[in-house]
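Undergrad: As they're listed, the protein sequences go chains A and B. The numbers in the numbering used here rise by one with no breaks, and the one at position 135 of the first sequence is 135. When you read off a place in the second sequence, starting at 1, and then add 1000, the result is the number in the numbering used here.
Wrong hints could be hidden among the right ones.
As the list claims (entries may be wrong) - Short derived list, chain A residues pointing at chain B, Cβ under 10 Å:
#1 H208
#2 D209
#3 D225
#4 R227
#5 A231
#6 L248
Unchecked claim - Residues of chain B placed beyond 10 Å of chain A at every Cβ, according to the derived structure:
#7 Y1084
#8 A1139
#9 M1146
#10 D1243
No lab work stands behind these hints: they were computed from the structure. Ideal Cβ positions, reconstructed from N, Cα and C, are used throughout, including at glycine.
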Amino acid sequence: MTPLLQVEGIEKRYGARIGCAAVSFDLYPGEVMGIVGESGSGKSTLLNCLAGHLAPDAGKVVFDTRAEGPVDTVTMSEPERRMLSRTDWAFVHQHARDGLRMSVSAGANIGERLMAVGDRHYGSIRSRAIDWLDRVEIDESRVDDRPTSFSGGMQQRLQIARNLVTGPRLVFMDEPTGGLDVSVQARLLDLLRGLVREMGLSAIIVTHDLAVVRLLADRLMVMKDGRVVEAGLTDQVLDDPQHAYTQLLVSSVLQV
Amino acid sequence: MTRNMPIRNCWSPAFCRFEYLEKDEEMIELVDVSKSFTLHNQGSAVIPVMTGASLRVSRGECVALTGASGAGKSTLMRVIYGNYLASAGTVTVGGLNVTLAEPRQILALRRETLGYVSQFLRVVPRVPTLEVVAEPLLALGHDRQMALDRAAGLLARLNIPQRLWALSPTTFSGGEQQRVNIARGFAHDYPALLLDEPTASLDARNRETVLELIEEAKCRGAAIVGIFHDSEARQRVSDRDIDVSQFAPGLAQ
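Bound-form chain A, shown alone (with noise of 0.2 Å):
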């Protein structure tokens, strides 16, 4: 099986200081992988690299499109990313605002990334809104209202649907469940985890709970001052952590 994502030795400086580096590893079909650190550990950093948000200053992001194979993406020319991030990938912000657009409407929030690939029917646009909004859990009847209208965990739910409705093959997540509250919290990753089936979708995931990671995640990296200290299946890492770091994550979570 081809991997649908070969990272290779990435690495991102600030100056002098190191964003993250020496980077690498593959993604298969339908895995979700998750990166945990704590604040500043290069974990969005590296996000942001892997999505084409930021340039890495070394390494290779291969992602296997579908008409070309397999595709350097750090070297593709920006219309190329661009539509790659339109159509086979997905951003998920960990701010709604930062990937909704909140002065229109909820249903042209998911209409605009169709007609973004090219859906120019009015009707068959609303109902595909209608539809995701539905999948969602959001009510029909709030198509036609602002996103500012909505609470923090329906903007998060309705920027999952604008990101979904193209049937991307990889989702980037940023922190999607951090600043909700614990009840929307477990709806979200309910909903989340249910769509990941369903679609088949492979998906990485950068947040700092590690109850998120072993609900959503099949493997688990674990980054400490910009580079990988562990990596492996997310129970065996949770569970037997071998890395003096990751023991001292994993020891300091609070039971409940």
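Using the hints, position chain B against chain A.
TA: Leaving out everything else, chain B in the frame of chain A:
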């Protein structure tokens, strides 16, 4: 023997799903496995827990791990499941070398071949019990209705009242959670099964059902490794007892 589920004819050749295995091929094999924990944040203390563990389990066979509490029964089981990394030696399950396998290979093994009923149920909050039990079948791509029917059959057999099926098991009593966990563990006909105290905290009627499930699994050719503090249950389903204290690091010279 049972209600709600098709009665399986053990001696029917059509029933054997593991014909691709040689008659004597081992489903689970451990060769010279050691395990130690290094506690980096506590003065780098190295705690050896197991050394030179070797074990073979054939299809249709149930092996019970025995030994005092803390002797390493659960550790051994977790090493087989790939939840703990072996420090040395080889673990093979269904032909896959677990000690060298990639995460995705271990996940595929757990999905298709190796089931594990742990002592505690760990689920996403809010997911209904019926879905929790059906999930292993859905993950294998089975038809949704078939998966839900099978889950319903198991829950009924384990006496979980139907009015609870639509609720999340997180609010259930300990015994109910344990039965949901067992139903989930038996939803798919795994060729290999790890059972950690499957009859603990169950009343006589449910204990009987669980023992029947284990016997049926053996019958269809599953290789089973179990921990049973309930000695009567152990005597009934186990073909062989292995005392794990023989693998204690102090003794093996």
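Undergrad: Take the hints in turn and mark each one as holding or not.
TA: The hints, checked one at a time:
no.: 1; hint: H208; result: violated, 19 Å
no.: 2; hint: D209; result: violated, 14 Å
no.: 3; hint: D225; result: violated, 16 Å
no.: 4; hint: R227; result: violated, 17 Å
no.: 5; hint: A231; result: holds, 8 Å
no.: 6; hint: L248; result: holds, 6 Å
no.: 7; hint: Y1084; result: violated, 4 Å
no.: 8; hint: A1139; result: violated, 7 Å
no.: 9; hint: M1146; result: holds, 16 Å
no.: 10; hint: D1243; result: holds, 24 Å
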